[in-house]
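Please build the complex by placing chain A on the supplied structure of chain S, with the hints as guidance.
Chains as they are written, first to last, in the numbering used here: chain S, 1 to 280; chain A, 1001 to 1280.
Calculated directly from the structure, the hints in this document are not laboratory data. The structure displayed is predicted, hence computed values, not measured ones. Among these hints, one or two may not hold up.
[Unchecked claim] Within a straight-line C-alpha distance of at most 25 Å, the following computed BS3-like cross-link-like pairs (lysine-lysine) qualify:
# : chain 1 : residue 1 : chain 2 : residue 2
1 : S       : Lys50     : S       : Lys40
2 : A       : Lys1110   : S       : Lys50
3 : S       : Lys40     : A       : Lys1110
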Amino acid sequence: MRARSLSLRFAVCVKAAGLLLAILWSAFPIFLLLSSSFKKPVDIFAVPAKLVFEPTMDNYVRLWREWPVFFESLLNSLIVTCGATLLTIVASALAGWVLSRCEGRYVTGSAFALIVLRLLPPIVITLPLFPVTNLLGLNDTRILLVFLYATFFVSLGTWIMKASFDQIPRALEEAAANDGASLRQTLQHISMPLGIPGMIAAGVFVFIHAWNDYLFAFIFTTTRAKTAPVVLSEIMGSATGVDWGVLFAGASMQLLPIVIFVILVQKYLIAGLTSGSLKG
Amino acid sequence: MTAPAHLLLALFILLPAAYVFGLSFMQSSYGQDASFVGLENYAKLLQDRYFWVSAWNTFIVVNSVVYIELALALLLMAVLPPPGLLCRVIISIILMPYAVSEVVGVLMVKYMFDPGVGIVAYWLQALGVPELEWTTQPSHALVLVVVLSVWLHMPFTFLIVYTARLGLPPELYEAARTDGANAWQRFCHVTLPLLMPAILVALVFRYIFAFRIFPEVWLLTHGGPARQTEVLAVYLYKSAFRYNDFGMASATAWAMVVLSLLIAAAYLRSMYRRMFVYAS
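Just chain S, same shape as in the assembly (with noise of 0.2 Å):
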């Protein structure tokens, strides 16, 4: 008996060390880099690193001095982010409507189609699209970001978006039809808002990937639609030598909204793993 009780604690220990290892693991590379940006030169190369130290405004200041263009991008990175979200859940609630309302040849094989097309490596398309959007005057704007985000997630929305509306009873879209709605009015007014946390679902994911890509926005812009991942490894790449403070600042400040975000949309993001790749 006693044995047993012995190696119980024993497990919980292990389990307790394990979840510690854990928080540690995930939490303390976001920690150090949040309260780094509030140090001294002298503090943040203080081996080992300071937890208690006097904190300063000082890199934020320098940052907004000598990289105005970080905020510009901060805004850049907005704009894109919130277009492409948008853009992803018009599409994807459209083509989820009919995926669960349609049957036929047809609409399994597009259904099939969006699950190929989103397993192709996304650097592949950027060789033809790059001479193509230059001349097209495309390149380095916004509105061909939007596109190529919304494009690589519309798969997945369209897959969340048709289980969602999977739930929706069709005897509420009938009856309207019965009492003699359009189609337009039974999806503006009963379908989609019914299927307003499905949109939400696939928006986050679509969301998070845009406020964080490097890869599109590295090869399609130059100066003018520059996004703050884009700027932040101008930063750190820059010829005098990397300026660890502003740095620091810089990553906080792309980092801490969108941690916040994916803290708030958590449930959202479950609910859309679950529907979108195990029952697809």
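Same frame as chain S, now just chain A:
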């Protein structure tokens, strides 16, 4: 109504991909008309030493990342407290890296593993682990790439496995417990087999996404020293945008497409069957 979704996919993925396929049989560079060269690009590719270096690096990195992630995700699931407030808070913390951009991730790694001031480098030294000379040693740099990738993407794997675990009926565990199975036996004989479908889905998706790896490597090492840390996406990028050899880059691109589809072949086949055979 699926038109918007398909238009996006066709314009930005299908057409470019087809064009790349055509380009892979041409010799093409800036200021020079493309001319048909048949399979020459592929032959050149297979003879290029650096292509094989990048292919091998990709193979090692992708496999390490995917399986370490899965192992960590399963371990984490085992130590997680029962559902409740504490569990939700812990999951929020574990999810945070999912919100971090690769650029910011690289910045954290550079700072924490800096041989001079890095806190993790300091800890490792204290533990007696030999110093990671990642700026000069290709294999050490790849270790950092793997660590960063696992850190960024483990939440995704964890979420898929964890949500599937929540769906398992508790009666099974009751039954296993009454039969005298200990925690390890319950894990091996109940959890693992029942989670297999979810684990496979997580693996397929992570293989596909890990295979695209670009920013982590590009921002950490630019593929150097001496092109020894390139992965396929970096090799492709350099062929196209550094050496202006679009034929070679397209051949690499198609190699990546085919490999991606091969990785996903079993998954695609099962989806195809479920959608076409059982549905109609």
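Here is what the structure says about each hint:
1. S:Lys50 - S:Lys40: Holds - the C-alpha atoms of Lys40 (chain S) and Lys50 (chain S) are around 11 Å apart, at most 25 Å.
2. A:Lys1110 - S:Lys50: Given that 25 Å is the threshold and the Cα spacing comes to 18 Å, the pair holds.
3. S:Lys40 - A:Lys1110: 19 Å, holds
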